[in-house]
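First to last, the protein sequences are chains H and Y.
The first sequence finishes on residue 106 if you use the numbering used here, and the numbering steps up by one all the way, no holes.
The second sequence finishes on residue 1386 if you use the numbering used here, and the numbering steps up by one all the way, no holes.
None of these hints come from the bench; they were simulated from the model.
Keep in mind the model is a prediction, meaning the values are calculated, not measured.
Note that CB positions come from ideal geometry on N, CA and C, so glycine has one too.
Be aware that one or more of the hints could be misleading.
Said to hold, decoys possible - Label-pair restraints from in silico Cβ distances:
1) E73(H) x T1109(Y): 43 to 53 Å
2) E1229(Y) x D47(H): 50 to 60 Å
3) I11(H) x D1087(Y): 38 to 48 Å
4) V1357(Y) x D47(H): 23 to 33 Å
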Amino acid sequence: MSQSFKRTRVIISDETKPAMPRHIKLRHDAGRGRWILLAPERLFDPDETAVSVLKLCDGSRTVTEIVDALSKEYNEQPGVIRDDVVAMLQDLADKGVLVSDATPNA
Amino acid sequence: MNEIVPTPIAQSAAPACARAPIGLLCELTHRCPLQCPYCSNPVDLERVNTELTTAQWQSAMRQAASLGVLQIHLSGGEPTARKDLEDIVKVASEVGLYTNLITAGVTLTRDRLEKLRDNGLDHVQLSIQDVDPENADRIAAYKGGMAKKIEVAKWVKELGLPLTLNAPIHRQNIHNVSRIIDFAVECGAGRLEIAHIQYYAWALKNRAALMPTKEAFMETHTIVEAAKERLKGVLVIDFVVPDYYAKYPKPCMGGWGRGIINITPSGKVLPCHAAESLPHLTFDNIKDTPLADIWMRGAAFQMYRGTEWMKEPCRSCDRREIDFGGCRCQAFALTGDAANVDPACSLSPKHAEWAKVADVESHTQSPDLIYRRMGGAKVSEPADAG
């Protein structure tokens, strides 16, 4: 193949601007009273915290900004939650749910 | 965050199903240019003149969305053999369904794929028969198929659609699993199914030609586990184990009538794509009955829903709501009673005999493949040979 479409792993750092790619859809499922994350041939069942985090992943906020916003929402010090948020974002990226400005894997 | 697997329903005698289905598999047509000898379509393929119309499929999409279905899988046969695929996708997308195209790719054009994307298609699953073009074309009985698939994979990526490659694995290509993984990375696929085939319908007819040895199977497991680790964040690999070498039976369809509906080209609504192999069941048709009624009250759906129908050893088994006694079709095919435990389970009295078949067949020289075509299964029968 002349053009390379090879994907690379998204590595989450404080400067990363994570976003959900077009084909990942966070939807409120009224019938079941829960949030659902639709992905290729998969469905995920994000908990309340994951939903809060995902809603902030709009491709313009950095991880530092996401941590700040969450620290206000949950009334916690950014330093206390930062590592947990990064770990969650990395897990979401490895599941293919998040991409970043630096690694826009389709 | 967990992947959604159907949650256990409370055990009760109540027959009605309050759960909404999650996925709908639409077999839009049984026509297909490929002739893969492990095709999951029934051996008696449905003819083109019995297929649902565009409006009937569009109605099915609307009904599915109202019923709570989240994802639809547009399959076949080869779904692109339907000229109205774009019109069906458009409606599915409008009503909020997540749309997945399951295609062999060989008859697609770039323009058509672009139109599908513009009409809301969310994801493409492209099958490959092997990574070695000559062997792939032999397995599919379609010359030039692999070259075309490489082109289709490139279009999918160029058009910004997510790509899954589906590689059915069996004795005739199992030596190439490593190369198939490399190929998926090269294509930019986000997901790969290394799917050992399941032995139903056409695959059951070809079992002796397709069954890998247990050693070869175990090696693929090792290769896939290592690749999953190495390719974290690059490629998600789903590994499907063949029943014959599994520890427990698979929770077929995630439980009968629990989360998935299948509609055949002519509109028959099935709890599983192989359900027509159960001769004592009758199936409602979406042409005559609303989908919601079929789901909630259809006789075929009620037959093996929940756990009330179970016999021993399933009935008192701790795993009864984990694997649901395995597969009803396999239980019927091998024991004559679909309510028996699937012989894939080690608790089945038939298990030892059944497991031996795989050992013997996989170590015997492979017979010729029986290719999937209208009436093709009869070719192998001695009565027709002369």
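Here is how each hint holds up against the structure:
no.: 1; hint: E73(H) x T1109(Y): 43 to 53 Å; verdict: holds (48 Å)
no.: 2; hint: E1229(Y) x D47(H): 50 to 60 Å; verdict: violated (26 Å)
no.: 3; hint: I11(H) x D1087(Y): 38 to 48 Å; verdict: holds (42 Å)
no.: 4; hint: V1357(Y) x D47(H): 23 to 33 Å; verdict: violated (45 Å)
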